[in-house]
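Protein chains: 2
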Amino acid sequence: MTSQEKKFSRKLAPQSSARMVETIYGCKWSLTVYQLLNAGINRPGEMVRQVEGLSTKVLNQCLKRNVEFGILDKQVFNELPPRVEYQVTPFGEKFLAILEQLEALQMEIDGE
Amino acid sequence: MTSQEKKFSRKLAPQSSARMVETIYGCKWSLTVYQLLNAGINRPGEMVRQVEGLSTKVLNQCLKRNVEFGILDKQVFNELPPRVEYQVTPFGEKFLAILEQLEALQMEIDGE
Numbered sequence: 001m002t003s004q005e006k007k008f009s010r011k012l013a014p015q016s017s018a019r020m021v022e023t024i025y026g027c028k029w030s031l032t033v034y035q036l037l038n039a040g041i042n043r044p045g046e047m048v049r050q051v052e053g054l055s056t057k058v059l060n061q062c063l064k065r066n067v068e069f070g071i072l073d074k075q076v077f078n079e080l081p082p083r084v085e086y087q088v089t090p091f092g093e094k095f096l097a098i099l100e101q102l103e104a105l106q107m108e109i110d111g112e
Numbered sequence: 001m002t003s004q005e006k007k008f009s010r011k012l013a014p015q016s017s018a019r020m021v022e023t024i025y026g027c028k029w030s031l032t033v034y035q036l037l038n039a040g041i042n043r044p045g046e047m048v049r050q051v052e053g054l055s056t057k058v059l060n061q062c063l064k065r066n067v068e069f070g071i072l073d074k075q076v077f078n079e080l081p082p083r084v085e086y087q088v089t090p091f092g093e094k095f096l097a098i099l100e101q102l103e104a105l106q107m108e109i110d111g112e
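So the sequences go chain by chain: P and E.
For the first sequence, the UniProt record's numbering begins at 1 and goes up steadily by one.
For the second sequence, the UniProt record's numbering begins at 1 and goes up steadily by one.
FYI, nobody ran anything at the bench for these hints, they're computed from the structure.
Take these hints with a grain of salt, some might be off.
Each pair may be met inside one copy or between any two copies, as identical chains are not told apart.
Unchecked claim - Within a straight-line C-alpha distance of at most 20 Å, the following computed DMTMM-like cross-link-like pairs (lysine to aspartate or glutamate) qualify:
no. : residue 1 : residue 2
1   : Lys74     : Glu103
2   : Lys57     : Glu85
3   : Lys11     : Glu52
4   : Lys7      : Glu52
5   : Lys28     : Glu52
6   : Lys6      : Glu79
7   : Lys6      : Glu93
8   : Lys64     : Glu22
9   : Lys57     : Asp110
10  : Lys74     : Glu100
11  : Lys28     : Glu46
12  : Lys28     : Glu79
13  : Lys57     : Glu68
14  : Lys64     : Glu93
15  : Lys64     : Glu103
16  : Lys7      : Glu22
17  : Lys64     : Glu46
18  : Lys74     : Glu22
19  : Lys7      : Glu108
20  : Lys74     : Glu5
21  : Lys94     : Glu52
22  : Lys28     : Glu103
23  : Lys74     : Glu52
24  : Lys94     : Glu79
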């Protein structure tokens, strides 16, 4: 033991959750998708119809990434024609709550 | 107006607050400094004494950046020798609350 004991060591950043924020903000349509889901629009076809500039291909990439992160859950209903719906998971709700707070903070910054 | 009116347009990410998260997590010692402040250690000299591997120069860069973001506030007391203390601003408290939630989310990811 040295004469002066060090009580603190370097605290690391939470890598995965921080990367989630970066990736989702980097993903052009995620925030729009969350708005749609919040408005009860949870089928991909309807999403594309409702959003200016959103293509099926790009939407599917965005949805897939969100499912991989565990933010969204994909449900496939065995109907004819097959019905696919997305919903926010309980984990996703927590993540979205953080994004909302970042948005509120942004408004404080902008309002200065 | 087209036959199918688009009701949603692309929602943008909150640039400044998202960049704050990235910058702070990229800043090697910020999280440690918040821990120190939380433990009542708010003078730079004492911080350096308490933390393994932290130099005065690097600490000052870290503190400066946090002051620029409005997360920390620097107080200089007109004493001999001059006393300098840092504290978390009300804005900073909100930002730190977001970081704490990202950390909690990280624990959920790790716990899977």
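So, going through the hints one by one against the coordinates:
no.	hint	result
1	Lys74 x Glu103	neither (26 Å within a copy, 26 Å between copies)
2	Lys57 x Glu85	within (16 Å within a copy, 54 Å between copies)
3	Lys11 x Glu52	between (43 Å within a copy, 11 Å between copies)
4	Lys7 x Glu52	between (55 Å within a copy, 8 Å between copies)
5	Lys28 x Glu52	within (13 Å within a copy, 41 Å between copies)
6	Lys6 x Glu79	neither (64 Å within a copy, 28 Å between copies)
7	Lys6 x Glu93	neither (39 Å within a copy, 26 Å between copies)
8	Lys64 x Glu22	within (16 Å within a copy, 24 Å between copies)
9	Lys57 x Asp110	neither (34 Å within a copy, 31 Å between copies)
10	Lys74 x Glu100	neither (23 Å within a copy, 29 Å between copies)
11	Lys28 x Glu46	within (18 Å within a copy, 45 Å between copies)
12	Lys28 x Glu79	neither (31 Å within a copy, 53 Å between copies)
13	Lys57 x Glu68	within (17 Å within a copy, 41 Å between copies)
14	Lys64 x Glu93	within (17 Å within a copy, 34 Å between copies)
15	Lys64 x Glu103	neither (24 Å within a copy, 24 Å between copies)
16	Lys7 x Glu22	neither (32 Å within a copy, 27 Å between copies)
17	Lys64 x Glu46	within (17 Å within a copy, 48 Å between copies)
18	Lys74 x Glu22	neither (22 Å within a copy, 29 Å between copies)
19	Lys7 x Glu108	neither (35 Å within a copy, 27 Å between copies)
20	Lys74 x Glu5	neither (53 Å within a copy, 27 Å between copies)
21	Lys94 x Glu52	neither (28 Å within a copy, 34 Å between copies)
22	Lys28 x Glu103	within (16 Å within a copy, 25 Å between copies)
23	Lys74 x Glu52	neither (23 Å within a copy, 47 Å between copies)
24	Lys94 x Glu79	neither (31 Å within a copy, 47 Å between copies)
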